[in-house]
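Protein chains: 2
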Amino acid sequence: MIKNTQVFLKETPKGKLLKSHFEIKNTSIKPPLIGEVLIEIEYISIDAANRAWMQGRTYREQILPGNLMAGYAIGKVIDSKSELFKIGDYVEGDLGWQNYAIKNEKEIEKSNIISTINLHMSVLGITGRTAYIGMKLANLKKEDTVLISAAAGAVGNVAGQIAKIHGCRVIGLTGSEIKSKWLVEELGFDGAINYKSGNLVKDLRKLCPNKVDVYFDNVGGEIFESILFGMNNHGRIICCGALSLYDQLPPKSGPRGVPGIIVTKRLSLKGFIVMDFDHQKEEAIKQLQKWINENKLIVSEDIVEGLEAAPSALIGLLNGENKGKRMVKI
Amino acid sequence: MIKNTQVFLKETPKGKLLKSHFEIKNTSIKPPLIGEVLIEIEYISIDAANRAWMQGRTYREQILPGNLMAGYAIGKVIDSKSELFKIGDYVEGDLGWQNYAIKNEKEIEKSNIISTINLHMSVLGITGRTAYIGMKLANLKKEDTVLISAAAGAVGNVAGQIAKIHGCRVIGLTGSEIKSKWLVEELGFDGAINYKSGNLVKDLRKLCPNKVDVYFDNVGGEIFESILFGMNNHGRIICCGALSLYDQLPPKSGPRGVPGIIVTKRLSLKGFIVMDFDHQKEEAIKQLQKWINENKLIVSEDIVEGLEAAPSALIGLLNGENKGKRMVKI
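Sequence lines, in order, name chains G and V.
Position 252 (the first sequence) corresponds to 252 in the numbering used here; numbering is contiguous.
Position 249 (the second sequence) corresponds to 249 in the numbering used here; numbering is contiguous.
The set of hints was computed from the structure by calculation and includes no laboratory data.
Predicted, not measured: the structure shown is a model, and the values here were computed from it.
The reader is advised that the hints may include incorrect statements.
To be verified - Here are the simulated DSSO-like pairs of lysine-lysine, each with C-alpha atoms no more than 30 Å apart in a straight line:
1. G:K106 to V:K265
2. G:K211 to V:K329
3. G:K265 to V:K281
4. V:K142 to G:K211
5. V:K270 to G:K164
6. G:K265 to V:K14
7. V:K14 to G:K270
What the hints assert, rightly or not - Output of the computed footprint for chain G on chain V, the stretches with three or more beta carbons under 8 Å from beta carbons of chain G:
8. 217–227
9. 246–253
10. 265–273
Yeah, the Cβ is synthetic: ideal placement off N, Cα and C, and Gly gets one too.
If we strip away everything but chain G, and leave its shape as in the complex, we get (with noise of 0.2 Å):
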């Protein structure tokens, strides 16, 4: 029996989440059974869908009280009872927040490792992977103005690199003159707009003259309306998340304009989670390999350390304390 620890949900948060909401448990791991295998996790993925799950159900199931804490990882095997994985494989999936998981061989995927294991996690992981997709869905023509919510944010900041790749004009919405200033500068972003600032509306017609062709929003809320009126006819809105509506209650109305802007605008809405796309996984991670070998996308990881950090870490991260991707090194 090796010894684990494990975070669980103690309770569902009604408004912010706190640490108190987590208990982290010392427990031990039993070997695997038949079809199972033993992961040591490396790296847990921090992301603000981990806050969405606990609110009820999406496109997983709820994370109730006293569920052990879902999480994408990644891993090793160190212990196999399956003949799909062998000792040694890194593997990844929902793992949970814990040191050691086991889990069947139907829960899992093989990594395929091309470079570190923090950056399976980051760029080459599904965040990266969201934003290729993302991007992809958007029908990048050169010349558009693209606006990114949540640009400094692990898919964000690498959504907004695709886009300038692609030939386009980029604006990324942020919550600091810090974060701002780091997309323009470091990035390569044509502008940012620090949302907190209170002149969303005005700082939106100073950046995009052209208003805006394509949207990629991971905010939703009242940035999403904002911006929703500052759409050029038949812009595309690519809808990823809904950052700032998960760390509250579900909110009591949406968005003006929907659906009567989308109508006189001629926009199309698209939602997607990548999962749906592991058809194009392989593409993705290539292109995505390929731009960083070139010097075209520039990798920020948020690595902080130890498993205990991870509540706090998602705390953080759901108050945009995060540059590029955040995970737990385990």
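Got chain G; can you put chain V on it based on the hints?
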């Protein structure tokens, strides 16, 4: 000089549209100048969009107090100073609410008359073609559950019949038991819901046990919100209009679930305006006429007599009193 009668907008309605918002005047009309034609109007289309145009700028300028009431219409050229149109030609465009119109040749287009004139205002006209294009954008697949709002209206009844022709399960939403019965018994819908009965969510669940694959939305508002939550994963929403929001001040909030549900259910929303699809006009008219000839598409028209009846015809339409395409015969 020919005597004319014209309907003007007297006042911008703040809430529900009333007859007192209009003013009917007897005027006279001068002969056409070079490049102009004189048109004797035969049918004026009555559309929910007429009311939307009073709310503000849409895809066209707002109709302001003092303006001639705008409206799509069809008529015969009775005098021409244009080389493009000769006496006897039928033409259509925004001819306005009046008996006669002087129009520049650039403001109108020739009607390719292949049936009775009224049919070119209904199923072969803008509303029929709107239904045709909308159903084309929906990418209908056999056995899709297709839900149509304002299903007894000019666009909705044709859209529903087209979806039936494609082998879909078609459910209509409408505002009375009589219209519900008409949709099922006369037009062959698989089911209909009177949304005023107060059981929308329950009725939806009963009639759409496999949820909704395609929602053709003509109404927006609370109905839009309810249906959003009843959509199937990967569902498509075709946004054609927002009838429920036209006859009032612009709403203070929009539907819940935007954009959260769009992401988790991976929905597509597509707004459109039929004028963007003029290149498919001949194709649409040909196909619609073919379906009529094959008795697959039932034509339903609601013809009101005389220009003076136009204001109350529009008010009635906004209150849901019509079945099929409402138009005014001059």
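Non-conforming hints, listed in increasing numerical order
2, 4, 7
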